[in-house]
Amino acid sequence: MPQSPNLEQPDRPWLIRTYSGHSSAEASNALYRSNLAAGQTGLSVAFDLPTQTGYDSDHPLARGEVGKVGVPICHIDDMTTLFDQIPLDRMNTSMTINATAAWLLALYVAAAERQGVAQDKLQGTTQNDIIKEYLSRGTYVFPPEASIRTTSDIVAYTVEAIPKWNPINICSYHLQEAGATPVQEIAFAMANAVAVLDAVRDRDDVPEETIGRVFGRISFFLNAGIRFVEETCKCRAMTALWAELGRERYGIDDERMLRFRYGVQVNSLGLSEAQPENNIVRIALEALGVTLSRDARTRSLQLPAWNEALGLPRPWDQQLSLRTQQILAYETDLLEYPDLFDGSHVVEARTAALLDDARTEMHKILEMGGAVSAIENAYMKQALVESHTRRIRAIERGEQTVVGVNRFEETADSPLTADGDASILKVDDSAERDQVERLLGFRGRRNTAEAEAALKGIEDALKNGDNIVPASIRAAHAGVTTGEWSDTLRRLFGEYRAPTGVAAARTVAAGDDNEALRARTEELSEALGRRPKILVGKPGLDGHSNGAEQIAVKARDVGLEVVYDGIRLTPEEIVQSARDEGVHVIGLSILSGSHSILVRDVLQRLEKEGLGNLPVIVGGIIPDDDAAELLAAGVKRIYTPKDFDLTRIMGDIVDIVGEAAR
Amino acid sequence: MTAEQSQRVMRLLEGLAAGERGAISEALNLVDDRRSEEREAALRLLDGLAQRADTPGSSPHVHHRVGITGAPGAGKSSLLNALVENLHSEAASIGIIAVDPSSQRSGGALLGDRMRLSGGARESGVFLRSMAARDRLGGLADATHASAAVLSSVFDWVFIETVGVGQSECEVADLVDTLVFVAQPGAGDTLQFMKAGILELPDIFVVNKADIGPVAERTRSELQATLGLTGPGDGENWQAPVLLASAQDRQGIDALIESIAAHWDHRLARGQLAERRARGQVAFAIESLARRYGDYGLAQLGGPQAIARRLEAPREGSIFGAVLEIGQQIEAEIRGA
Chain A
1 MPQSPNLEQP DRPWLIRTYS GHSSAEASNA LYRSNLAAGQ TGLSVAFDLP TQTGYDSDHP
61 LARGEVGKVG VPICHIDDMT TLFDQIPLDR MNTSMTINAT AAWLLALYVA AAERQGVAQD
121 KLQGTTQNDI IKEYLSRGTY VFPPEASIRT TSDIVAYTVE AIPKWNPINI CSYHLQEAGA
181 TPVQEIAFAM ANAVAVLDAV RDRDDVPEET IGRVFGRISF FLNAGIRFVE ETCKCRAMTA
241 LWAELGRERY GIDDERMLRF RYGVQVNSLG LSEAQPENNI VRIALEALGV TLSRDARTRS
301 LQLPAWNEAL GLPRPWDQQL SLRTQQILAY ETDLLEYPDL FDGSHVVEAR TAALLDDART
361 EMHKILEMGG AVSAIENAYM KQALVESHTR RIRAIERGEQ TVVGVNRFEE TADSPLTADG
421 DASILKVDDS AERDQVERLL GFRGRRNTAE AEAALKGIED ALKNGDNIVP ASIRAAHAGV
481 TTGEWSDTLR RLFGEYRAPT GVAAARTVAA GDDNEALRAR TEELSEALGR RPKILVGKPG
541 LDGHSNGAEQ IAVKARDVGL EVVYDGIRLT PEEIVQSARD EGVHVIGLSI LSGSHSILVR
601 DVLQRLEKEG LGNLPVIVGG IIPDDDAAEL LAAGVKRIYT PKDFDLTRIM GDIVDIVGEA
661 AR
Chain B
1001 MTAEQSQRVM RLLEGLAAGE RGAISEALNL VDDRRSEERE AALRLLDGLA QRADTPGSSP
1061 HVHHRVGITG APGAGKSSLL NALVENLHSE AASIGIIAVD PSSQRSGGAL LGDRMRLSGG
1121 ARESGVFLRS MAARDRLGGL ADATHASAAV LSSVFDWVFI ETVGVGQSEC EVADLVDTLV
1181 FVAQPGAGDT LQFMKAGILE LPDIFVVNKA DIGPVAERTR SELQATLGLT GPGDGENWQA
1241 PVLLASAQDR QGIDALIESI AAHWDHRLAR GQLAERRARG QVAFAIESLA RRYGDYGLAQ
1301 LGGPQAIARR LEAPREGSIF GAVLEIGQQI EAEIRGA
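Protein sequences, first through last, are from chains A and B. Position 392 of the first sequence, counting from 1, maps to 392 under the working numbering, and the rest follow consecutively. Just add 1000 to wherever you are in the second sequence, counting from 1, and you've got the working numbering.
Just so you know, the hints here were simulated from the structure itself, not pulled from any lab data. Among the clues, some could well be false.
To be verified - Label-pair distances were calculated between CB atoms; the ranges are:
1) B:A1290 - A:A661: 45 to 53 Å
2) A:T360 - B:P1072: 22 to 30 Å
3) A:G612 - B:E1037: 22 to 30 Å
4) A:G612 - B:S1006: 44 to 52 Å
To be verified - Only some residues are given here: those of chain B computed to face chain A with a beta carbon under 10 Å:
5) G1019
6) G1022
7) L1028
8) D1032
9) D1033
10) R1035
11) E1037
12) G1073
13) L1110
14) L1111
15) S1130
16) A1132
17) A1143
Remember, it's a predicted structure, so these values are computed and weren't measured experimentally. Think of the CB as a built atom: it goes at the ideal place given N, C-alpha and C, for glycine as much as any other residue.
The task is simple: from the sequences and hints, build the whole structure.
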């Protein structure tokens, strides 16, 4: 072995994970076991959208979504199957679950108990961060105040009963995906953490001396972009700001509790569909950004697959990401050194600048009443939409280089994608049917009276202001389903639709490539007799609204009238809105892989309404084969991540409306 | 008008009578159409509707037009959402026009975003058309009046939601039977509105966000005190009440509905409804003529008062045709001059 100056005190490797899950509990269990056998050291569970938004697999809104972006978990049997032959007392499991976090935690505890593992032995993380769901990811269900309550229930419960659990993973990850600058990423995440911590501190059942332990259990989930030097500085700035918050706002002086602990999924936003093999290099560099600085090194890392912008990754694609981590952790000498940047005035200066700006921005939010207020008044959302618009514009104009996308575009044929759609994973359409069958079987088998009593217990806990977790664990054992648990909360809390942030978004930057398009819009308005009107719709449960929002803002900026009603609409609602609003064109955005079913449904309903001539365009992660089918079914145009030029897309739309009017 | 166009008008009139949503939507598109070749068809349609009993009849809450206005952020949309949900449970049919500002730069607009119908309101089959204010800062879209005529020929309740910035209060007051002003607790805007003379227009004031407590109560007292200065009601005159409501907690929503209904009954009992609509129509017509032709244009036909007298005189067909005719005359005069 080569000599190194610090062999006595090497750092321990971070937890090596891959965000995964698909089709069914059984298929996902097989995947987890093979990943663990390949050297993965922790699990990261991806749930499907119905599970994340609190619907059983047989709910109408779940149609087309079951098993698509993750595993469907409806009840205790699904959960025990998911962890079959995986001893939960020795596993560290991260669950990306938010609105229904208390329920999935309850199912996890119940599944562990059925393995004979007591809950205080469990280790892992529930994401449980609703605020970023309102801002970016869109799997919220309940209004902000109610959400903060269930979030703080989980914190208050686990800090005593499951002491090694991270009850919440404050996510700045999704903020960067939504366009956040490093300063916004830091400031918004910290404001978010303050909202949760204040809520926990104000609880009657959390003694004052516990707040230090609570603080110590809050973890973060960061993004790592391609500007990896700045990302290193960002991690160092967050480490400093977090300790500062702990000392000053919560009076904590125990250094161990003040440690900033975070996991990372590296950036998907910057992964390109063009020359996708370049992503392999991007991913490795982004991983460096969050591992280089030992004092601010990530505790766990998940790398996306190189072909994410094309569709779902295959096992081989995930293996490549796993090997990338293993090379970094075990093959290089990275872990052998103390912090490489000790004494670097360059890194210190950048870190200090980020810290200053982020602190100012954070206080601005706290002064307007904190993160919840900044959700309700759309301050944060609007800031993100604007940042994202700036980013897209910079790429369109070539001010920001993306290799293979807006520079060095020429390419030899890639053997990696030569097989077309064989280079991605296709989820078997029978997965949904099988899952629904298992669900119906389960409902038939369980003791209905017990399940109903357990649901009543949840309702009572909610009404009495008791912690919802114990009642949920009882309900998990009693055979309650994900949809039933969520419906009980929906009835008492109501459902929420978050501000989209687009209406108030300012037109970013003046000097103007929109000018020419505006003139064409004016001409078209004359011909139509009124201004062209577009409906931008997001059908299904997918809440990734960044693309739809950018289209909406751009359409307004070139002079169109835009109807955008936010996420999670049924095809029926979309068609009704298109008709009532008298639009000239419909744009649908879908990233969850359920495009085939949902788009067809919209087309059929339009036909039935006598609106068969209304042009429909679709944007999303849509494999070539599916795109061909949808075009044949009548969709006018399909846009995928490689179509980054919004001005060109808008030009197409104006043309399409013009043609349809003739 | 071509034979094809007149057939289309007939078809739309029938469709509207039957409450078909496709026909409602198409009729709204038609009255919004600025092409001169469509203008006559639109007028014929509006004339047809005017001959129907869309004017207030004996049965309450049929074709009742309610304006919802207030400063941005006062919670108009969520309050309207709550209203719609409660009315829906009474099986009332509801149409909504939501007017949003247009971008002064591009002429484009983002619509509907603030009218986030949720829960029961989303499932209630409410008809929602959002409109851009187009070239008018803070005003109503030109076609709003005609659109309201289309919707109120079909629905029991028609709500018209606008962002209140002064000008639009006056315009929407001309357009509706009952004007509701949504105030924000503690916003301190009472004085501003009083200065602008806007507090004389609304028929009902509602302080929203009552859930935040004493501040809402204080704003209510302030408003009440200010309104008291404008003179008490004397039984004949409607005295605008100041209500408290919370869209979030669903408090005070039924009381607001009752108050809106009481206002209708009050007007109905005194035969003021038809008169108010006629007056409003004339005011709106003058406004839109002035916008198009300016003071100079209006002066060609003797000024706004003279034109108003012409519009108030008995006529065949709807006011929309009369406006078109006056416009043509003004154009002819200007050309002649």
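We went through each hint and held it up to the structure:
Taking 45 to 53 Å as the suggested C-beta distance range, the pair A1290 of chain B and A661 of chain A does not conform, at roughly 32 Å. Restraint check, T360 of chain A to P1072 of chain B: a C-beta distance of roughly 26 Å satisfies the suggested window 22 to 30 Å. At about 25 Å, the beta-carbon gap between G612 of chain A and E1037 of chain B stays in the expected band of 22 to 30 Å. Restraint check, G612 of chain A to S1006 of chain B: a C-beta distance of roughly 25 Å breaks the suggested window 44 to 52 Å.
Restraint check, G1019 of chain B versus chain A: the minimum CB separation of about 13 Å is more than 10 Å; hint violated. At about 6 Å, the closest approach between the beta carbon of G1022 of chain B and any beta carbon in chain A falls short of 10 Å, and the interface hint on this residue holds. Evaluation of the L1028 of chain B hint against chain A yields a held restraint, the C-beta minimum of about 6 Å falling below 10 Å. The closest approach between the C-beta of D1032 of chain B and any C-beta of chain A is roughly 5 Å, which is under the 10 Å cut-off, so the hint is satisfied.
Because the smallest distance between the Cβ of D1033 of chain B and any Cβ of chain A comes to about 4 Å, under 10 Å, the interface hint for this residue holds. Using the Cβ-Cβ criterion of 10 Å, the hint placing R1035 of chain B at the interface with chain A is satisfied: the shortest such distance is roughly 4 Å. A distance limit of 10 Å between C-beta atoms decides the matter here; for E1037 of chain B the minimum to chain A is near 9 Å, and the interface restraint holds. Because the smallest distance between the Cβ of G1073 of chain B and any Cβ of chain A comes to about 7 Å, under 10 Å, the interface hint for this residue holds.
Taking 10 Å as the C-beta contact cut-off toward chain A, the hint placing L1110 of chain B at the interface holds, the least distance being around 5 Å. For L1111 of chain B, the shortest C-beta to C-beta distance to chain A is roughly 5 Å, which falls under 10 Å, so the interface hint holds. Checking S1130 of chain B against chain A by beta carbon gives a least distance of about 6 Å; that is within 10 Å, so the hint holds. For the restraint placing A1132 of chain B at the interface with chain A, the shortest Cβ-Cβ distance is roughly 5 Å, inside the 10 Å limit, so the hint holds.
Satisfaction of the interface hint for A1143 of chain B is found here, the shortest Cβ-Cβ separation to chain A being roughly 8 Å, below the 10 Å cut-off.
When each numbered hint is compared with the structure, violations occur for hints 1, 4, 5.
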